[in-house]
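Now for the letters of each chain:
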Amino acid sequence: MAHQSDLIAEDILGYLKSQEEKSLLRFITCGSVDDGKSTLIGRLLWDSKLIFEDQLAALESDSRKVGTQGGEIDFALLLDGLQAEREQGITIDVAYRFFSTDKRKFIVADTPGHEQYTRNMATGASTADVAVILIDARKGILTQTRRHSFITSLLGIKHVVLAVNKMDLIDYDRTKFDEIVAAYQEFAAQLNYSSITAIPLSALRGDNMIEASANTPWYSGPTLLAHLETVQVEQDAINKPFRLPVQWVNRPNLDFRGFSGTISSGRVKPGDEIVVTASGQTSKVKDIVTFDGNLEEAIAGQAITLTLEDEIDISRGDVLAPVEAKPDFADQFEARIIWMHEDHLLPGRPYIIKMGAQVTNAQISDLKYKVNVNTLEHVAGKTLELNEVGIANISTDKALAFDPYDDNRHSGRFIIIDRFTNATVGAGMVNHSLRRATNIKWQEMDINKQARAYQKGQKSVILWFTGLSGAGKSTVANLVEKKLHALGKHTYTLDGDNVRHGLNKDLGFTDADRVENIRRVGETAKLFVDAGVITLVSFISPFRSERQLARSLVGKDEFIEVFIDTPLEVCEQRDVKGLYKKARAGEIANFTGISSPYERPENAEIVVNTSDQSAEEAAEAIVAKLEEFGVLGAWYPEI
Amino acid sequence: MQPNLTHLRQLEAESIHIIREVAASFERPVMLYSIGKDSSVLLHLARKAFYPAPPPFPLMHVDTTWKFREMIEFRDRMAAEYGFDLIVHINQDGVERGIGPFTHGSSLHTDVMKTESLKQALNKYKFDAAFGGARRDEEKARAKERVFSFRTETHRWDPKNQRPELWDIYNARINKGESIRAFPISNWTELDIWQYIYLEQIPIVPLYYSAKRPVVERDGMLIMVDDDRMPLNPGEKPEMKSVRFRTLGCYPLTGAVESEAATLPDIIQEMLLTRSSERQGRMIDHDQAGSMEKKKQEGYF
Ligand SMILES: Nc1nc2c(ncn2[C@@H]2O[C@H](COP(=O)(O)OP(=O)(O)OP(=O)(O)O)[C@@H](O)[C@H]2O)c(=O)[nH]1
Ligand SMILES: [Mg+2]
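These protein sequences, in sequence, are chains W and V.
Going by this note's numbering, the first sequence opens with residue 1, and the numbers climb by one from there.
Going by this note's numbering, the second sequence opens with residue 640, and the numbers climb by one from there.
Since the hints were made in silico from the structure, they are not lab data.
Possibly wrong hints are sitting among the right ones.
Each computed DSS-like pair below joins lysine-lysine, with the alpha-carbon atoms no more than 30 angstroms apart [to be verified]:
1) W:Lys556 to W:Lys483
2) W:Lys65 to V:Lys933
3) W:Lys269 to V:Lys687
4) W:Lys286 to V:Lys799
5) W:Lys139 to V:Lys799
6) V:Lys758 to V:Lys687
7) W:Lys556 to V:Lys815
8) W:Lys398 to V:Lys815
9) V:Lys851 to V:Lys799
10) V:Lys799 to W:Lys284
11) W:Lys240 to V:Lys687
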């Protein structure tokens, strides 16, 4: 059935023509561990005669060696291609398989059921139109069934096949099937599906996979393959307003300037008026250029190059759109986020967001709530852990152009990247933009920071003291402040411990609280700098990214990081507050240096070591450096 | 009726998107050119992606010195015709040690002249991204690989710890020394490739078409006697047979199939009616179960 052998043998050109016109369906299998996802796809490939003889021979010998079927053919081995997967009999990463029937071509992603590998499931689901959600008929709906259902729905999959599998193990019991279907429908009513098709199956035995099974006379619906061949998925990107995210500026010579990208929605013709979302500049489409000649029209999904009538400034990351239907353009928006990394999401920490060809620094400014995947209830939370889903407000350094994801599945979607490890730590979908920022106008004051600092005969900066507990931060900062005071400078010190008694007394010592702690202190220090004051901050601040966050709040030469580099052994020996002893005894959790990491600064402006230098000497060295940096001289405004 | 893209046009657009994304995101990308049919398609797609400009990166062929002569002729002809910037890299160290498949066996030869040689070349030119023409339908380990596949400073792939890859948004961030292997035709099948070559009239090495060629049979494989470096066993005599190749590599390691298919439709017809996969003709995959994954971890394409 897969290969129309007769047509191929008799009329290969006719066959090729018929192939060209087939539609393409992308689907996934998902669900809980061992529900039979890989077996189901293996069986489909097998039954559609897509297994070559050499692969079959390999499958037979593999099944004997590592199969789960006592030497019988283990179809899952056709999919589980990694050594570790075969050894453990589970799927770890998504596998892509390709097959076709007379009616359609299919790209199927077989995803892992294990919770630990949910990110790989999301990878497979992001490009799918249909999800086949498997359920082991003996076990019914499990947490992973709900989690996967929720994620597919978040990612915008509208059509679900509820594959109630392993019916052979429950004697093809109709009552049980009906119960499972009813329970699932009740759960799924809260999700955004437009169709749910339930099919009783045995992936292993082949019941209702391709042919209607004699074991389920009570079931009159389609077989799995028949359903996949006919299910209609929305192809409506083409009816949405035109969007071209510019990926590449094509400039082979002075006479040609083209803007290349893949049309994410709508259509475009020469003569259409377009606007560059960020700059608001407008022009008209001159030509749609391709290797195969200029086009009269291009539609969503095509990778093209546009030339314009006017010379306007456009670069990678710009989004071209119709003048009358521009996308949102905002630096604050609400999004749903799937977290994909062992390191938790920390509000306030700077991350990188990549949305199409747009890349910017961003922060999760407010985690509004998490969603319990089992009950879909909203729960409060300060962080997102691996595989958790939450709704958050995000603020970006640069405004981004997007449409809400639910309006256009090809827009308003982004990945979150860790700035230091470069790992992809999360994925997000925009719900809507937040217009708050545009309403609060920044008050431009006549008397500004420069004026205030000038009056004091100094340059206002943050002196950020970081180091382990007991390193000597407060002692040294105190001495430095005394010396500056003696020199007639205006100073103020924000001490970690003191601030925790007031401004930050609601915060604990979890990673999330530490970030918030630093953010508040950073913002406060920034106000002092604005007031023209030399501001000393003495904080353990163990995380590089949090110090980076504080640094990013003020101007480039307004932040001076002072690393009090005292070795852990020395600090522990001193143990002025007796904290190390308690931490070692396990009485204090998350203690920096013992049970929580301290990330050493790599580029601190000033480094002092109090184990081979007295606090007095260290303070003198720091003041000398400040002299050198020009902080202590009167600073003349540039105007 | 709405005009929709056929599946080949969808695949084409996806590949062009990936190629442009790599060019825009990396400082020194390179396209690995293996001269086979998949490379021919990849090159064609790269020309489309940047038209009317030429592709903004060089092509590199890692030459093991044991490729079919017709492959090398084809490579040089294409380079001259399209005017692309071609780098040919040979592991001179291996040449000096006299490494070859007949004397050292397929696995050592492939290690030194292909895998090692590729790493040498990537280091030498400091490429931070390399395009490859691998497809997911070729092999079970490839079916698992990302489009942007991260490699460590020592060019290793960690299959158990791949970056999530959602939609068409690719994470191109790497630290110094690390690199990305990019696979724009990941989602194409062998049939898609042939059909596209046919539709777009893409030139391919003549070895894919059937012709009378001198072959000997060894371990059940038909090996073509491409030059006089091939030692013949006692009693072994090359026979002229009508053969062609489904995949191309080093001639001593690549099995021919007996065939009369002399046109593209013939080839496609034969492929669809055959019962063995294309990689069967490659020796390295048979060596050991999971060998492709292992080779890939070590830096093979
Ligand atoms: N009796 C019976 N066994 C089945 C059926 N489908 C799958 N199995 C068995 O269930 C076990 C798990 O199957 P897999 O296909 O590996 O499950 P999976 O859902 O892919 O598992 P993960 O990917 O690790 O989450 C194997 O031993 C299969 O042979 C079925 O319909 N009937
Ligand atoms: Mg599986």
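Hint check results:
The hinted pair formed by lysine 556 (chain W) and lysine 483 (chain W) meets the criterion: a straight-line CA distance of about 25 angstroms does not exceed 30 angstroms. Note on lysine 65 (chain W) and lysine 933 (chain V): the hinted pairing holds, with a Cα-Cα distance of about 19 angstroms set against a maximum of 30 angstroms. Under the criterion of a C-alpha separation no larger than 30 angstroms, the hint pairing lysine 269 (chain W) with lysine 687 (chain V) is consistent with the structure, at around 20 angstroms. Proposed proximity of lysine 286 (chain W) and lysine 799 (chain V) is contradicted: the alpha carbons are some 48 angstroms apart, above 30 angstroms.
The suggested pairing of lysine 139 (chain W) with lysine 799 (chain V) holds, with an alpha-carbon distance near 28 angstroms, which does not exceed 30 angstroms. Distance check on the hinted pair: lysine 758 (chain V) and lysine 687 (chain V) sit about 28 angstroms apart at the alpha-carbon level, within 30 angstroms; holds. Between the alpha carbons of lysine 556 (chain W) and lysine 815 (chain V) the distance comes to roughly 25 angstroms, so the proposed pair stays at or under 30 angstroms and holds. Of the supplied pair hints, the one linking lysine 398 (chain W) and lysine 815 (chain V) holds, its CA atoms being roughly 26 angstroms apart against a limit of 30 angstroms.
Between lysine 851 (chain V) and lysine 799 (chain V), the direct Cα distance comes to roughly 46 angstroms. Violation of the 30 angstroms bound is thereby established for this hinted pair. Straight-line distance between C-alpha atoms of lysine 799 (chain V) and lysine 284 (chain W) comes to about 49 angstroms, which puts the hinted pair past the 30 angstroms bound. Of the pairs offered as hints, the one joining lysine 240 (chain W) and lysine 687 (chain V) holds, with about 26 angstroms between alpha carbons and a cut-off of 30 angstroms not exceeded.
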